[in-house]
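Numbering-wise, the numbering used here puts 278 at position 128 of the sequence shown, and it's gapless, one number per residue.
Read the hints as simulated data drawn from the structure, not as lab findings. Model, not experiment: these values are computed from the prediction. Treat the hints with care, as some may be off.
[Said to hold, decoys possible] Here are the simulated DSS-like cross-link-like pairs (lysine-lysine), alpha carbons at most 27 Å apart as the crow flies:
| # | residue 1 | residue 2 |
| --- | --- | --- |
| 1 | 220 | 179 |
| 2 | 220 | 339 |
| 3 | 273 | 322 |
| 4 | 378 | 322 |
| 5 | 220 | 175 |
| 6 | 162 | 236 |
| 7 | 236 | 179 |
[Stated by the list, open to error] Computed beta-carbon distance windows for the label pairs:
| # | residue 1 | residue 2 | range |
| --- | --- | --- | --- |
| 8 | 365 | 305 | 23 to 29 Å |
| 9 | 371 | 302 | 37 to 43 Å |
| 10 | 274 | 310 | 19 to 25 Å |
| 11 | 365 | 167 | 47 to 53 Å |
| 12 | 178 | 334 | 45 to 51 Å |
| 13 | 212 | 369 | 29 to 35 Å |
| 14 | 348 | 274 | 19 to 25 Å |
Here a beta-carbon is modelled for each residue, glycine too, at the ideal position from N, C-alpha and C.
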Amino acid sequence: TAAYPCMDMTAKEQQIFIRYFLGPKMHKKGLNTKIILFDHNCDNPDYPISILNDPETKKFVDGSGFHLYKGEISALCKVHEAHPDKNIYFTEQSGGGWAPDFDQNVRWYVGELFAGAMNCWSKNVLLWNLALDENDGPKNFGCQNCWGVVRVASNGKIEKNAEFYAIGHYGKVVRPGAIRLVSNQDILKGVAFRNPDGSFAYLAVYYGTVPETIGVQCGNKSFLYTFKPGEVVSFLW
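Assemble the whole structure, with the sequences as input and the hints as a guide.
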């Protein structure tokens with residue numbers, strides 16, 4: 151877009167740049183900085199796949215980065231399936247005026263973005279920006295109605311947006327170094343983890359229209375919980 155100080159780079163251009171210029175130069179300098187290619191929306195998974203299909207380029211690449219302003223989160227799974235030896239990262243998502251419903255946003259972040267990305271092998275989820283002012287700025291061209299995880303006003307008042315509470319659900323039960331586990335995705339949309347201390351975490355959004363008691367089972371342990379319509383829940387045991 152003309153609103154951003156940037157330019158297009160085709161997949162072929164990026165592949166040539168990494169293979170013949172960036173990759174060899176970094177290797178010669180002995181740099182351990184990782185190259186994460188693509189770093190764009192989920193509507194074009196063939197872009198990173200086509201670059202990684204070249205073995206001489208692939209050896210310089212750590213993985214691929216994604217945003218979800220367009221496309222489906224399942225694109226991350228497609229890239230992983232094509233190149234399972236390369237990492238997947240979710241590198242940017244912002245809230246904004248195009249999605250003003252607070253409750254719906256919390257559900258979307260917890261159940262669709264965070265759970266969807268990590269169930270598709272992403273090693274992280276990064277929200278953008280962390281903090282902006284009461285005018286959702288400062289702005290540098292580009293998006294004029296994006297907001298941060300929190301708003302910090304000039305008078306010191308802090309307003310927590312939906313993104314803050316989505317992060318809070320995960321931060322409350324998932325520990326650094328946790329391993330993502332396979333979990334059933336049916337009437338619940340969620341993701342499960344085993345923490346380094348041996349505890350387990352499970353986060354889910356219930357999309358049913360009536361309350362329903364559902365069993366959560368992990369190994370030989372299980373428990374029941376009655377979910378309310380639209381409820382977001384985080385468990386730790």
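Evaluated hints:
1. 220 - 179: Violated - the C-alpha atoms of residue 179 and residue 220 are around 37 Å apart, more than 27 Å.
2. 220 - 339: 20 Å, holds
3. 273 - 322: 18 Å, holds
4. 378 - 322: Judged against 27 Å, a Cα distance of about 21 Å means the pair holds.
5. 220 - 175: 33 Å, violated
6. 162 - 236: Between residue 162 and residue 236 the Cα gap is close to 19 Å, so the pair holds against 27 Å.
7. 236 - 179: Since the Cα atoms of residue 236 and residue 179 sit roughly 23 Å apart, the hinted pair holds (cutoff 27 Å).
8. 365 - 305: 23 to 29 Å: Hint violated: Cβ distance 49 Å, outside 23 to 29 Å.
9. 371 - 302: 37 to 43 Å: 42 Å, holds
10. 274 - 310: 19 to 25 Å: 21 Å, holds
11. 365 - 167: 47 to 53 Å: 52 Å, holds
12. 178 - 334: 45 to 51 Å: 48 Å, holds
13. 212 - 369: 29 to 35 Å: 33 Å, holds
14. 348 - 274: 19 to 25 Å: Check passed, 23 Å falls within 19 to 25 Å.
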